[in-house]
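Knowing the structure of chain S, use the given hints to seat chain D on it.
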Amino acid sequence: MRWIESLGQWFDRRLQLSGAIREAALHRVPRSSASWWYVFGSAALTVFILQVVTGILLAIVYVPSAAEAWNSLQTLNHDLTLGWFLRAMHGWGSNFMVALVLIHMVQVFLFGAHKYPRELTWVVGVFLLLMTLGMAFTGQVLRFDQDSYWGLGIGASIMGRVPLIGGWLVNLLLGGPIIAGETLSRFFALHVFVIPGMLIGLVGLHLLMVLKLGINEWPMPGRVVRRETYLKEYEELTHKDGVPFVPDAIWKDLIFAACVLLAVAFCAVVLGPFGPTGQPDPTIIETAPRPDFFFLWLYALLSLLPPQLETPFLLIAPVIGVAVLLLLPFLSGEGEKSWRRRPIAVLTVLLLAVVLGTFTRLASNAPWSPVMNAWSGSPLPERYLKDRSPLERRGALVFQAKQCRNCHALGIEGGQRGPALDTVATRLTPDQLIRQVLQGRGNMPAYGKNLSPAECTALVAFLTTLHPAGQAPARDASSSVALEADRESSASTRP
Amino acid sequence: MNKQTEVSRRSFLMRLGLWINGGIAALLAVPVVGYLLSPLRGKASQEYNTWVSLGPLSQFPEGQTRLATFRNPFVRPWDGQTADIPCWVRRVAGNTFQVFAINCAHLGCPVRWFSQSGLFMCPCHGGAYYADGSRASGPPERGLFEYPFRIDGDQLVIQAGELPTLAADAGTAAGGRKPCVG
Numbered sequence: 001m002r003w004i005e006s007l008g009q010w011f012d013r014r015l016q017l018s019g020a021i022r023e024a025a026l027h028r029v030p031r032s033s034a035s036w037w038y039v040f041g042s043a044a045l046t047v048f049i050l051q052v053v054t055g056i057l058l059a060i061v062y063v064p065s066a067a068e069a070w071n072s073l074q075t076l077n078h079d080l081t082l083g084w085f086l087r088a089m090h091g092w093g094s095n096f097m098v099a100l101v102l103i104h105m106v107q108v109f110l111f112g113a114h115k116y117p118r119e120l121t122w123v124v125g126v127f128l129l130l131m132t133l134g135m136a137f138t139g140q141v142l143r144f145d146q147d148s149y150w151g152l153g154i155g156a157s158i159m160g161r162v163p164l165i166g167g168w169l170v171n172l173l174l175g176g177p178i179i180a181g182e183t184l185s186r187f188f189a190l191h192v193f194v195i196p197g198m199l200i201g202l203v204g205l206h207l208l209m210v211l212k213l214g215i216n217e218w219p220m221p222g223r224v225v226r227r228e229t230y231l232k233e234y235e236e237l238t239h240k241d242g243v244p245f246v247p248d249a250i251w252k253d254l255i256f257a258a259c260v261l262l263a264v265a266f267c268a269v270v271l272g273p274f275g276p277t278g279q280p281d282p283t284i285i286e287t288a289p290r291p292d293f294f295f296l297w298l299y300a301l302l303s304l305l306p307p308q309l310e311t312p313f314l315l316i317a318p319v320i321g322v323a324v325l326l327l328l329p330f331l332s333g334e335g336e337k338s339w340r341r342r343p344i345a346v347l348t349v350l351l352l353a354v355v356l357g358t359f360t361r362l363a364s365n366a367p368w369s370p371v372m373n374a375w376s377g378s379p380l381p382e383r384y385l386k387d388r389s390p391l392e393r394r395g396a397l398v399f400q401a402k403q404c405r406n407c408h409a410l411g412i413e414g415g416q417r418g419p420a421l422d423t424v425a426t427r428l429t430p431d432q433l434i435r436q437v438l439q440g441r442g443n444m445p446a447y448g449k450n451l452s453p454a455e456c457t458a459l460v461a462f463l464t465t466l467h468p469a470g471q472a473p474a475r476d477a478s479s480s481v482a483l484e485a486d487r488e489s490s491a492s493t494r495p
Numbered sequence: 001m002n003k004q005t006e007v008s009r010r011s012f013l014m015r016l017g018l019w020i021n022g023g024i025a026a027l028l029a030v031p032v033v034g035y036l037l038s039p040l041r042g043k044a045s046q047e048y049n050t051w052v053s054l055g056p057l058s059q060f061p062e063g064q065t066r067l068a069t070f071r072n073p074f075v076r077p078w079d080g081q082t083a084d085i086p087c088w089v090r091r092v093a094g095n096t097f098q099v100f101a102i103n104c105a106h107l108g109c110p111v112r113w114f115s116q117s118g119l120f121m122c123p124c125h126g127g128a129y130y131a132d133g134s135r136a137s138g139p140p141e142r143g144l145f146e147y148p149f150r151i152d153g154d155q156l157v158i159q160a161g162e163l164p165t166l167a168a169d170a171g172t173a174a175g176g177r178k179p180c181v182g
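Chains as they are written, first to last, in this note's numbering: chain S, 1 to 495; chain D, 1 to 182.
Everything labelled a hint here was simulated from the structure, so no lab data went into it.
The reader is advised that the hints may include incorrect statements.
Beyond 12 Å from chain S on every Cβ pair, some chain D residues (computed) [unchecked claim]:
1. Leu18
2. Trp19
3. Leu40
4. Arg76
5. Ala93
6. Gly94
7. Met121
8. Pro148
Covered stretches of chain D (in silico footprint by chain S; criterion: 3 or more residues with CB under 8 Å from a CB of chain S, positions within the stretch not fixed) [stated by the list, open to error]:
9. 51-60
10. 135-146
11. 153-166
Model, not experiment: these values are computed from the prediction.
The C-beta atom is built at its ideal place from N, Cα and C for all residues, glycine as well.
Only chain S is shown next, with the shape it has when bound in the complex (with noise of 0.2 Å):
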């Protein structure tokens, strides 16, 4: 063991690094701080080395043309010794880093600990987010199936969106004209050299102020940060109840991140690697474009908002996002750090992670999206055939071939971009349905033009077979009215 030593010193006599990371193993930490809640950011930053790693590896197969790149990736997945493997680590690692990002963000933001000092931090942390999210669509872009094409589609459409310079914005982030080679070039140099730099840069930044500054201490209720004072009462903390980073406070960090690394292999060994799908070949247009599982959100929000609010909101409301989240720590720099005194701060994570997961939900079955096969896929339930007249079961013909049901869910089968018809008897009169399969309205298109008058008539006998056994179909209250004073008034005038 003599000889480990002393070659340690001949290294150490010409870096002369032992002292400074000494010091930064054994600077004093407050002692509750070494806290089980203290532990993501670390395990991001591992996430973070194992996606450099698999990247790399990846790297060394992938092949970044337009013409090549989904067969590489077939290749690794299916004829190299463990490729799928390195692929499902990549891509699970991806999932992990954005969850542990956000998981850290939220941390940080509840225990106060972007308060003074630590505003640059903060304000470094939000890039790195930014960067993680950057990495992880760029990341999906590499991944180049229809998934991905019709997703640069989508980001050149919403580019396309910009006042004036919008269509150079276009150009530029597809490196020409169309979606094709350049693209995927283009996508390749920022995932692979311009954000991780960036990131690493960042990264040893936002490390560097983290130990200069001191980890964050427990937030206690009622102690409260000003900034004539906040560094005494630090330093003192750390004097008093503090304790030296390795090993009071490291262990559990090494812990948790073996346990991610862990779970990360699990999920690539159980649920393997993500795609590629389909061809990105924009001929095969029987495809049904999806995002990857933290840009489903947006997806939900680009079906669900207002058409005349889209492009505003795309515009502006990233931009606000990023400036509040940004100016955050300059506007409540100082205070109350504990969560149980910051009713808003815990209210608008709640709001925050109730609004992402609702459109999350959403999205994963997309309710707004036509079934493009139900009309030739989803046969009619019997029980809507049964005992029905020959011109009801045409209009159950019209139903199927004029592809109402990719919209309309009968049974529990069918689109659900509009009502179920189940029981649309008992909602709407003959007359309603009659108008409103002619003109359409709401969301509906008109049929006027596609149906003849004899299939509108077939098909609405249908529509009024639809209710339930035991109640009656919608009539016209007011026709019924009429007919009875015209009935009424016609046996007054019998003799």
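Chain D in isolation, oriented as in the chain S frame:
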């Protein structure tokens, strides 16, 4: 010469060095920025767009809407399949055509034609268009993008080359529906 002037001469030389380096960096930035911006072309003159053939007229029966594909005129050898662009061709009657971009006017997903109901439907956010490309329902703010076309002998030729978006409307040259941004 006293010590102070000696120091200021050194610092003058250092500043000079910084200025020279800054100037050279600025000079080098010009080609770098030019290189990065090279995908930009004149929007008004439609520099990316050219006339390309979709095949003989006989492929497109009257009264029907059919999928056609063309090789994008602006292409790199490594573009692979991505340069094969589909579009919907509607032959109204005789030499009257409508050639629609495949991309939904909402966010660019590929719309599909359903001849039975006479609708184009988008699988992404549920946009729908009538047979003539006009908006039927859903989030799109306008009808489908249209390519300008002409008949060249027995060939149907369209002017194409750029991904149609609200900013680069495929149909501006032929006076197609103007984009309604925002």
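Right, here's what the structure says about each hint:
1. With a least CB separation of 23 Å from chain S, Leu18/D remains clear of the 12 Å interface cut-off, as annotated.
2. Residue-level check passed: Trp19/D sits 26 Å from the nearest beta carbon of chain S, beyond 12 Å.
3. Not every C-beta of chain S lies more than 12 Å from that of Leu40/D, the closest at about 5 Å, which undercuts listing it as non-interface.
4. Not every C-beta of chain S lies more than 12 Å from that of Arg76/D, the closest at about 5 Å, which undercuts listing it as non-interface.
5. Under the 12 Å C-beta cut-off, the non-interface status given to Ala93/D relative to chain S holds; the minimum distance is some 16 Å.
6. At the 12 Å boundary, the C-beta of Gly94/D stays outside the reach of chain S, the nearest C-beta of that chain being 20 Å off.
7. The beta carbon of Met121/D sits about 5 Å from the closest Cβ of chain S, which is not more than 12 Å, so the claim that it is off the interface is violated.
8. Non-interface status of Pro148/D relative to chain S is upheld: no Cβ of that chain comes within 12 Å, the nearest being about 16 Å off.
9. Given as covered by chain S, the region 51-60 of chain D fails the check, having 0 residues with a CB less than 8 Å from a CB of that chain where 3 are the minimum.
10. With a cut-off of 8 Å between beta carbons, the region 135-146 of chain D has 6 residues touching chain S; three or more are needed, and the interface restraint holds.
11. Counting residues of the region 153-166 of chain D whose CB lies closer than 8 Å to any CB of chain S gives 5, which reaches the minimum of 3, so the coverage claim holds.
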